[in-house]
Each structure stands twice: as C-alpha cells, then as structure tokens.
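Build out the structure end to end from the sequences listed, making use of the hints.
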Amino acid sequence: MAMGPDDFRLMLDHSSDIHWMVDCQAVRVLYVSPAAGRLLGREPAQVQAMADALLADLPARLVRFEQGDESRRTVVRETALDGRDGPVPVEIESTLVATDAGLRLVGVVRDIRPRRALAQQQKKFTSMLNHEFRTPLSTIDGAIQRLEMTQRNADEAIRKRYRKIQEAVDRLLGMMDEYLSPERMDSIGRVRQDDTIDPAALLETVAQAARQRRPAISVTCGDLPRRLRADPAGMRLCLEVLLENAIKYTPPDAAIQIIAGKASEGGVEFIVSDTGPAIPADELPRVFDKGFRGSNSAGITGSGLGLYMAKSIVEVHGGNLSVQNLLQSGKNFRIWLPIAV
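Numbering-wise (the UniProt record's numbering), the sequence shown opens with residue 1 and increments by one.
Incorrect hints may appear among the rest.
As the list claims (entries may be wrong) - Derived DMTMM-like pairs (lysine to aspartate or glutamate); straight-line CA-CA distance at most 25 Å: (1) K262 with E240; (2) K262 with E167; (3) K160 with E148; (4) K123 with E91; (5) K164 with E244; (6) K124 with E91; (7) K248 with E265; (8) K262 with D170.
Stated by the list, open to error - Simulated restraints, written as ranges between beta carbons of each label pair: (9) G174 with R211: 18 to 24 Å; (10) D69 with G291: 48 to 54 Å; (11) G174 with S127: 40 to 46 Å.
The set of hints was computed from the structure by calculation and includes no laboratory data. Glycine included, each C-beta is placed from N, C-alpha and C at the ideal position.
As structure tokens, then:
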C-alpha cells in the first residue's frame, strides 16, 4: 500500500529522533519534529535561534557543494545542545537536497547519550577483561620460561609441549593486544563508521581457521548483502568465540554449521549450530551473564567471559545475540545485525 505525505509526517512526528528541514537560501527553519520538545525542551520559536548557531558554516558549505564538492552533500558531526536539564550530546546528520522550491538542508538529530554510556561500559569491561586474562597468562608465561631454562635435559617431546604452551600464551596475548585493548573495543560498532565487512568472506575466513581444530565445520550462505556495516575485527572475534564454544562443548567428531542469510524481521542473521548437549532450561537466561559457567562446564577450561564479550560486541552494533536449544539435539547461537539503509 502506497504511503501519502500525511503518513510520512506521522512517522516523523512520532520518531524519537529530531527531524528537520531548512531553506538554504533564507537560512530559515521550515520544519522541526516534536521530538525537539521531548528531547531538548525547546519550543518552536526557540528552534530558529538554535539553528542560527548550528548553521553558521552553511554558506561556506554551499559554496563548496556548488563547486562540485560531493563530500559536502551529507555531513555527520557530534556536538552538544542545550537541553532542559543541561547539555545533551547529539549526532547531527544533514543532507543537501535539490527541490522544485530550491535547495533544502534536511537532517536528523540523534541523542547519543546511550551510545556514550555503552562506550563507557565497554571501557570498564575491557579493563576488567585485560586484568582477568593477563594475570593468569603472565603466570603461565613466566612458569613455562622457567621450565625451558631449568629442564635442559628434557627430551624433545616434552620440549615440544613447552613450545606449544608458549605459542598458545603468545597467541592469546596477541589477540588481546589486537582485539581487546580499551582503544580497540571503544571503536567497535560506532554508528556509521567507514568499516564494512563482506559477510560471506568473513564467515569462511573464521571457519577455515577453526577447521584446524574441528574439520567438520560447514558454511552455508543464503541471500546476504555484499557489504555490511560492521567492525571487521569485532565481528571476527565474536564469531571466533561462538565457534570456540561449539568446539569445546561438542564431541570431537560432531559437525558444526554456520548458516547465514536475510532475517525475517529485517537485517541479517549468522547462526552457529551444533549437535552437542542442550543447555539446561533454567540456565538459558544466564548464558550471556558475565562470569557465568553452566553445569555442563565441569572439566572444560574457560572464564565465563567469552559469550558475555560476544554479546556485548553484537549489541554495540545495534544487534542481538541469542541462544536456542534444538528439538532433537544441539543448539543455535544466533547473531542478528541490522542492515544500514
């Protein structure tokens, strides 16, 4: 069913973001959605005064745009606007649009307080994660170095085990430096960042690396976009966590599937499916809690942080990570990510 102008106006009027339009020639506000009152406590008469300050650079932008500078067609910036209870950090996106009535500047103002709060939570999380991981790794690293120095008469098989332990420690420390530094996690999932991924290629890359430990890992891709806005390192780490979890909690010869495609509710989904034991029903709500380890984890190494970290990464991207037991056997871990339009 086709939508009319009244339908679009209804959508704008009830959006939590502030939508607006400016006449570029007169530098006059033509429309501001009611969200301005809800977010900032501003009456329509006060909006023009605020716009005058925000649009001070519009003339220079118009000159560059008319000279063919397409980079000035759409501009995204962060600032703070005076709200009812003090400054409100916002992201302002604006686009120059030619209409029959002249050039218009249309845009949206987004409240980024939740994003900044999440970023702060991520920093605290990575600080905790670095401490929890580095302390035991440093102990192992020091111990294996002492063993190599003192056990000079050890046979080659034992020395080979020492080297494998040292390589594993070095690999984990390298992953922490590459993926889990506060600076790295702070950058994961920033809205409208330039980073994108080829989802099919990413899934195959992660699966290929995991096949060194479990050859029976298959990848099935349905209808996927060629590019998806996401942090490549963050999503790679998330998928590695889910595959590592599937490998640890299934028999050595069990098959693991990665299934990807468009999701019915919009966006895309990545499903890591295994045939291992089901998660007890009373533990399902706690699977992604920080530090939680289930009753079936006895004798299996882990810190209870991997799934918590994976869910945090997906949520920073505006998506969701969930788990579901299958009817026969096994379980599905499902990543859902929105598609930027």
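Here is how each hint holds up against the structure:
1. K262 with E240: 21 Å, holds
2. K262 with E167: 39 Å, violated
3. K160 with E148: Satisfied, since the Cα-Cα distance of roughly 10 Å is no more than 25 Å.
4. K123 with E91: Given pair K123, E91 holds - Cα atoms ~21 Å apart, limit 25 Å.
5. K164 with E244: 18 Å, holds
6. K124 with E91: 24 Å, holds
7. K248 with E265: 31 Å, violated
8. K262 with D170: The hint is violated at about 38 Å.
9. G174 with R211: 18 to 24 Å: With Cβ atoms ~20 Å apart, the hint holds.
10. D69 with G291: 48 to 54 Å: Roughly 52 Å apart at Cβ, these two residues keep to the hinted range, so it holds.
11. G174 with S127: 40 to 46 Å: This hint is violated: roughly 19 Å between Cβ atoms.
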